[in-house]
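Taken in order, these protein sequences are the chains called A and B.
Heads up: the first sequence begins at 1 in UniProt numbering, then just goes up one per residue.
Heads up: the second sequence begins at 1 in UniProt numbering, then just goes up one per residue.
Covered stretches of chain A, going by a simulated chain B footprint (3 or more residues, C-beta under 8 Å):
1. 135-147
2. 170-181
3. 198-204
4. 207-221
5. 244-250
6. 257-269
Since the hints were made in silico from the structure, they are not lab data.
For glycine and all other residues, C-beta sits at the position ideal for the given N, C-alpha and C.
Protein chains: 2
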Amino acid sequence: MSVDPAAAQTLGTVRIVGTGLLGASIGLGLRGLGVRVLLHDPSPTALALARDMGAGELDPGDEPVSLVVVGAPPDVTASVVRAELAAHPNATVTDVASVKGGIAAELAGAGGIERYAGGHPMAGRERSGPTAARADLFLGRPWVVCPSSTGQAHERTEAVRMLAVALGATPVFMPAAEHDEAVALISHVPQLAASLVASRLVKASDPAVGLAGQGLRDVTRIADSDPMLWAQILSANAPQVAGVLKELRTDLDTVIAALDALGAGEAVGARAAVAQIVHHGREGRGRIPGKHGQPQTRYAVVTALLPDQPGQLARLFEDIGEAGINVEEFSLEHSPGARVGLGSVSVLPAAREELERALTERGWHVVA
Amino acid sequence: MSVDPAAAQTLGTVRIVGTGLLGASIGLGLRGLGVRVLLHDPSPTALALARDMGAGELDPGDEPVSLVVVGAPPDVTASVVRAELAAHPNATVTDVASVKGGIAAELAGAGGIERYAGGHPMAGRERSGPTAARADLFLGRPWVVCPSSTGQAHERTEAVRMLAVALGATPVFMPAAEHDEAVALISHVPQLAASLVASRLVKASDPAVGLAGQGLRDVTRIADSDPMLWAQILSANAPQVAGVLKELRTDLDTVIAALDALGAGEAVGARAAVAQIVHHGREGRGRIPGKHGQPQTRYAVVTALLPDQPGQLARLFEDIGEAGINVEEFSLEHSPGARVGLGSVSVLPAAREELERALTERGWHVVA
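Input sequences plus hints: build the corresponding full structure.
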């Protein structure tokens, strides 16, 4: 996946309202593809920064535009979209807010609503604001497009799709309600879980937090987020998030009951209940897709010992390439103390035997 | 934060019982420092693999040893320690189990208990077994030492402390009860939270999990763990884990009530309650020491975009080899549906700039 100059050429002049991280990143990416980009933001500072970053020109306000991208905070997005639909009577208007159902509801009956198609690029960073902008922020990421009605004119959703394609993202069409359920599950509940785990550390002793390892760091990484922004996002998706949290609470109650029973010496079934939760978690984790949107578990992994000498990785991939086998994923584990590294090559299951044979023939030690 | 050959010289002959990930990693590290290491494991396969990895020699069984390290599964650790204390009447015996109170209780009154001091190196990997062993697994990590009594002879805890120091770990003395409360907070509850979040994905739709991003991947990474092992660990620390989970449930109930109120349009105070949880999480996250700390800064990571075409990995490693740069670790990731992968090359920090320049010069797109 890479940026697409041909898609960019279909966009015409693009107005970006709200030059934070996402708005400025879109501007940067489009400018790099030769698109004319006009910027607007209620904050003169954010606007000037985005311009200086190269995200576009200040919008003089008297020029017709084909596409308006609203990058406003979630709780004002609907009113900004409404104003843009009125101010630009021929333009397609889209937004980048992370919850779509509420905005669609607020916009019901708005003038020009047939020209609005919501969007949600699934990209972000821990840093915010125009100075954190990157032209490549959207490369390879999903970009959800939500038509405003089932019969919406093709040209409107097509304009948003082309915006995503131009920036190297993967457009995913989805009704707003389905989108909101999905992000509750894959974004909003994980965010809250990270916050709930991290909250336990507030009163922990120094020696206790001193034992923290990579596991805790990974689980709580996204807890280092902006409370105001997240209060807006979670509030906008409250029923969906609450629904998933209630399911999680049911499992949590089961674990607590099992651990209480184990603590009281009543182990019958309790240990199995705990193992079951971990087992289900592993199963769910396996559903997170890897390359090409396929589940990770669909790859076969072939592991070869790599002598600790220069040039071994290049030789390995030359040998795999000669055998005509496509590598889906690869990881190298290398320990200075060990005599060898372990190279794990993920391939489609059908290619496993061929890869094992090809590597063995070429003198590699394949680990079972 | 490096290995300590002088500390290693104080250890004498070391017997390792249980050559899984931790046992074999200890063996690898000690062998690299010239320590005589004798290996034992009830599984002939695990034993032979550890020997072949370079973790030590097969224990002939008739040689006196100074230190025994028990790397057995948690639920048999106490009985293995007891047997080793009896079989090696002069040796110090330690273990690496991740819960200490129950083992201490099981060992109360055991013959030779004054020679036992528990240990817990805070290091691990998602992969297990001797082939996942690394000599540098313990570098910069805390290694908890739990004396078996307050009056235990200095030489016994000192032997365990020297083991940790030799392998580059940081010894932390802590009573067993305090250790178990700490790991409930910083390891066991995060593990369960990851499992509970990941469990929600089991019944999710394919388009929903297709939107998964790095946040979900990080929160659920440790959910990809062994259910049997974790049932043992969590059961062994049941009261402490249940205590922390009940505090977490109180916060969870608050969030659910606030979201329910928001969903019903009763927003007074509810949005603030949600923001408060995220705020507390951020505060707790800030208590984790060395946020950009030890394990991560060991290597610098340079990430390049890899077109999804045959031969790209071979070309990448040829280019790195030509530049004379040594690759410490490498991982390849693909986003759903993307035609480009992200290759993350880990190198010594001093080589970062040179690698970035070398790759850019050779036409690679290096991601900032």
